[in-house]
Amino acid sequence: MLTVNDLLAQVQVLNSLTDLEKSVPVFALAALDKAQTGQLTFLASPKYRRQLADTCASVVLVKAADQAASPVNCVALVVADPYLAYARLSHLFDTGPIADGNQAVTAQIDPSARVAQGATIGAYAVLGKGVKVGQGAVIGAHCVIDDFAAIGAQTRLQARVTVAHHCTLGDHCLVQSGTVIGSNGFGYAPTATGWQAIAQLGRVVIGDRVEIGANCTIDRGAIEDTRIESDVIIDNLVHIAHNVHIGARTALAGQVGIAGSTRMGAGCSAGGQAGFTGHIAVADNSHFTGQAMVTKGTTEGGLYSSGIPAQASKDWRKLVARVRQLETTMARLDALEKLIKETE
Amino acid sequence: MLTVNDLLAQVQVLNSLTDLEKSVPVFALAALDKAQTGQLTFLASPKYRRQLADTCASVVLVKAADQAASPVNCVALVVADPYLAYARLSHLFDTGPIADGNQAVTAQIDPSARVAQGATIGAYAVLGKGVKVGQGAVIGAHCVIDDFAAIGAQTRLQARVTVAHHCTLGDHCLVQSGTVIGSNGFGYAPTATGWQAIAQLGRVVIGDRVEIGANCTIDRGAIEDTRIESDVIIDNLVHIAHNVHIGARTALAGQVGIAGSTRMGAGCSAGGQAGFTGHIAVADNSHFTGQAMVTKGTTEGGLYSSGIPAQASKDWRKLVARVRQLETTMARLDALEKLIKETE
Amino acid sequence: MLTVNDLLAQVQVLNSLTDLEKSVPVFALAALDKAQTGQLTFLASPKYRRQLADTCASVVLVKAADQAASPVNCVALVVADPYLAYARLSHLFDTGPIADGNQAVTAQIDPSARVAQGATIGAYAVLGKGVKVGQGAVIGAHCVIDDFAAIGAQTRLQARVTVAHHCTLGDHCLVQSGTVIGSNGFGYAPTATGWQAIAQLGRVVIGDRVEIGANCTIDRGAIEDTRIESDVIIDNLVHIAHNVHIGARTALAGQVGIAGSTRMGAGCSAGGQAGFTGHIAVADNSHFTGQAMVTKGTTEGGLYSSGIPAQASKDWRKLVARVRQLETTMARLDALEKLIKETE
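Chains as they are written, first to last, in our numbering: chain C, 186 to 529; chain F, 186 to 529; chain H, 186 to 529.
Hints in this document: simulated from the structure, not taken from any laboratory.
Even for Gly, the Cβ is constructed at its ideal location relative to N, Cα and C.
Some hints could be false.
Stretches of chain C that chain H covers, calculated by requiring three or more beta carbons in the stretch to come under 8 angstroms of a beta carbon on chain H [unchecked claim]:
id, stretch
1, 198-206
2, 268-275
3, 299-313
4, 348-360
5, 378-386
6, 447-458
7, 487-495
No farther apart than 27 angstroms at their CA atoms in a straight line, the calculated lysine-lysine pairs in the DSSO-like style are these [said to hold, decoys possible]:
id, chain 1, residue 1, chain 2, residue 2
8, C, 499, F, 314
9, C, 503, H, 481
10, F, 526, C, 526
11, C, 481, F, 499
12, C, 523, H, 526
13, H, 499, F, 503
14, C, 526, H, 523
Below, a sample of chain C positions facing chain F; criterion: calculated Cβ distance under 10 angstroms [said to hold, decoys possible]:
id, residue
15, 280
16, 281
17, 343
18, 390
19, 394
20, 409
21, 416
Here chain C stands alone, though its shape is the one from the complex (with noise of 0.2 angstroms):
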């Protein structure tokens, strides 16, 4: 059982507490409206501080304007920024396997991988020739790192991961599962019958502390890599072409789709299903909507959308009919001025 004093060693705190309220135990994480005894909770938005008297929790994080406001019997932890201390807590109450720092008896690997000390090799994963595995990494079951992959130290795959040959993650990544990453890149050259592929010949280069989601395919560079820097986020099914490069902390939602050889600045954000055409350059601080159309690279950052967002279906019919006829609309329009001007 957790106390209020371990989380002291997490975040800091910046009120003081007394013997007591660092013994609090703390077994569970809630939202503030549904926590109760024995559970940390957190206001991070103004938009839920009425909720903060009534919250029954034991423990609440909370900026210092609404320690006062606080409940008396919830013990109050003045932080800089809730939400961030909230995210780190978090994982002390997290129940996923802990990696146990074994090589599975089952796992496949190849005499000349090197697996460093502490690293776990989950049951049946394949490591190919020359794959450097680093401390305290964790291949999950299943996985398939192929030769001279490179997996930095800490970095998490989860089962059931492909790591083709030649491409490297830095440390303290994590990769969920079933996601390829160092795929072949979309390269191919017509021909009279049909289609000559390209051999593939670059990788996919990551940084450290990238996180990426479940079923993703990120694809190997046709000449250069593919490139993603330190610190990028990437939700699930979402897929980057050869030779893309991504930015540093760059965040992408679930499902958006990068085309080839398109530049992500750094600290750049896509919503969900978003596209991108190949050969763009993204400005550093591109923020761009769920579904966004982006045909043409930006100059500086902000805020870029695109789509008409969906309406109840016999008005969205009337409104293409109405779009459909703009050219004709335009031309009546041209018609009734040319008039009101002769007129005149």
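Starting from the known structure of chain C, fit chains F and H onto it as the hints suggest.
Quick look at chains F and H alone, frame taken from chain C:
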């Protein structure tokens, strides 16, 4: 070889048949216009009615109104709903592998896992600590079922499915190959230098008779659970983010994406590639056409749409230009109205 | 170490070379502006022509017209199609794993499966009853090939591919990691309480030289087969529903989705995230730009598009408002026209 008599055991037939008719052999299913002797077909939609008289099928499922129009040499089975009857009977002709109720010797099953008798565990499947597998369930080859996950009775997982720790599936579900259930939700708190991942402490909780396609991803909840109610059907490559709640009987087509904390009602449907913003509530019986960009919840059922359908690119280019000019077009209209008003 | 002479064996070079030129060593491929001594490059597009004079490559593939402009110290290989020649030669520089023609001892191959001599079966692969694997084929680690599926000669499956029962792939195909071929189509009949699944009795039938990316899903047909003709190329995360027919040489980019029973002609292409409604017929040589929303078939080839490209969100918000006002805008225009007409 099946006969008409075997079909009668599966569906309620409303007309009476002679012994001769009951003995007609049926070896396959086919469409009305392609069926041959020995084949079963069905008339489900009035638009195919004119094909009925010419079908060469040996047996046809029809509504009462269509019985008279069936060919003389074809046994007409009158049913309330021919399409549903076809659906039920289709399984008689399935040639897929039949689960043998055995546990593969190469499966790695933790001693603390509880696998019901008669459940099938495929080759190289990995079952973690405390995993429960119900009666008659089928775990495909290469599935990875993490610690404390629970698979209900008669639920089938095809090859290469991941079920992460503590997630639960009800009875009579189907999960197709490559799908990941219980991946981490995309939850991060921004820091000065990047992102702090938030441990995803919730589970995925799936009801009964839920069917999920291939290569989908369903994220576990951040604090509470991601929930998919009973009788939901989900196509391939669908992304369901953390804390989402999908109501009973809802149908999601291929590549649909639902962002975090969104609640879909019961009896809803979404066409392919439709995308739902996070934190919205969709009313029961709301239906969305393909590629719909759903940025707001709905308060009542109905059909919702967005998007201008594709057209010849040269016309599309003009249309985009016209839409882009709307601001000035409307200013011109304003000016014209003002001018006319002054003239009057 | 390769020399120019080795390249001549792979592509038809139209100019004559000296023995000295033929002996020039080539160890890698690089872009025109980055190539160094010992590297091969190519000039495929006129827009890079000005880089030719300054290239430091040892060898360059050019059209006849560009031969004279090549640097003196660089061997110019004159070819009919430099891009195609580059594509062919790229494979000389591929450093990926080479199939060893062996069957892994950990592969589980049903005794009734017929694996041609020289085919490679990777670690932990599972081959069901009656599976056929052709000469020189490569089945990657962790692939699951269900009963009676057939893999043609020289066809390569990367790691972790599923091929469901009775599906067939032709010769010289490539299927990348994580892809599922033969998943059940999304076919259900509504019932009073939910859905009755329809057994998907068709197969997936794939021609020769078809290349399919990573984490795709290709559903088996409901009654007849889903068919992909020869020389089709498919990028990552593409969804092809049941009963779809894709004509020869068609190219589908990442995250494209094609709904059930749609027929794509030959020589078509679809940009990333394009979506096709079910039950439509697309004419040969129809091309669709990315994110196209294809709700109707085409009767002739050509380029088709939809969508308004992304723009700064503040402008986009105005545009959405203007589009939403179109109904009233047109009513105002009607009124104005009427008024003018009466005035005249």
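Against the structure, the hints:
1. With 0 residues bearing a CB less than 8 angstroms from a CB of chain H, the stretch 198-206 of chain C misses the requirement of three and the coverage assertion fails.
2. With 0 residues carrying a beta carbon less than 8 angstroms from a beta carbon of chain H, the stretch 268-275 of chain C misses the three-residue requirement, and the given coverage is violated.
3. Only residues whose C-beta sits within less than 8 angstroms of a C-beta in chain H count toward coverage, and the stretch 299-313 of chain C has 3 of them, enough to reach three; the restraint holds.
4. Residues of the stretch 348-360 of chain C lying with their CB closer than 8 angstroms to a CB of chain H number 3, which satisfies the three-residue condition for coverage.
5. Closer than 8 angstroms: that is the beta-carbon criterion, and the stretch 378-386 of chain C has 8 residues meeting it against chain H, so the requirement of 3 holds.
6. Requiring three or more residues with a Cβ within less than 8 angstroms of a Cβ of chain H, the coverage given for the stretch 447-458 of chain C is violated, as only 1 such residues are present.
7. With 8 residues having a beta carbon nearer than 8 angstroms to a beta carbon of chain H, the stretch 487-495 of chain C meets the requirement of three or more and the stated coverage holds.
8. Annotation: proposed proximity of residue 499(C) to residue 314(F) is violated, straight-line Cα distance about 53 angstroms (limit 27 angstroms).
9. Only pairs whose Cα atoms come within 27 angstroms are accepted, and residue 503(C) paired with residue 481(H) is accepted, the gap being roughly 18 angstroms.
10. Annotation: proposed proximity of residue 526(F) to residue 526(C) holds, straight-line Cα distance about 15 angstroms (limit 27 angstroms).
11. With a C-alpha separation of about 19 angstroms, the suggested pairing of residue 481(C) with residue 499(F) holds against the 27 angstroms cut-off.
12. Distance check on the hinted pair: residue 523(C) and residue 526(H) sit about 14 angstroms apart at the alpha-carbon level, within 27 angstroms; holds.
13. For a cut-off of 27 angstroms, the pair hint linking residue 499(H) to residue 503(F) stands: about 22 angstroms separates their Cα positions.
14. For the suggested pair residue 526(C) and residue 523(H), the alpha carbons sit about 17 angstroms apart, so the restraint of at most 27 angstroms is met.
15. For residue 280(C), the suggested interface contact is upheld, since its CB lies about 7 angstroms from the closest CB of chain F, less than 10 angstroms.
16. Of the supplied interface hints, the one on residue 281(C) holds, with its beta-carbon coming within about 5 angstroms of a beta-carbon of chain F, less than 10 angstroms.
17. With a least beta-carbon distance of about 7 angstroms to chain F, the hint placing residue 343(C) at the interface is held under the 10 angstroms criterion.
18. Interface restraint check for residue 390(C): the shortest CB-CB distance to chain F comes to about 18 angstroms, outside 10 angstroms, so the restraint is violated.
19. Interface restraint check for residue 394(C): the shortest CB-CB distance to chain F comes to about 6 angstroms, inside 10 angstroms, so the restraint holds.
20. The beta carbon of residue 409(C) comes no nearer than 25 angstroms to any beta carbon in chain F, farther than 10 angstroms, and the hint placing it at the interface is violated.
21. Using the Cβ-Cβ criterion of 10 angstroms, the hint placing residue 416(C) at the interface with chain F is satisfied: the shortest such distance is roughly 3 angstroms.
Hints 1, 2, 6, 8, 18, 20, counting from the list given before, are not met by this structure.
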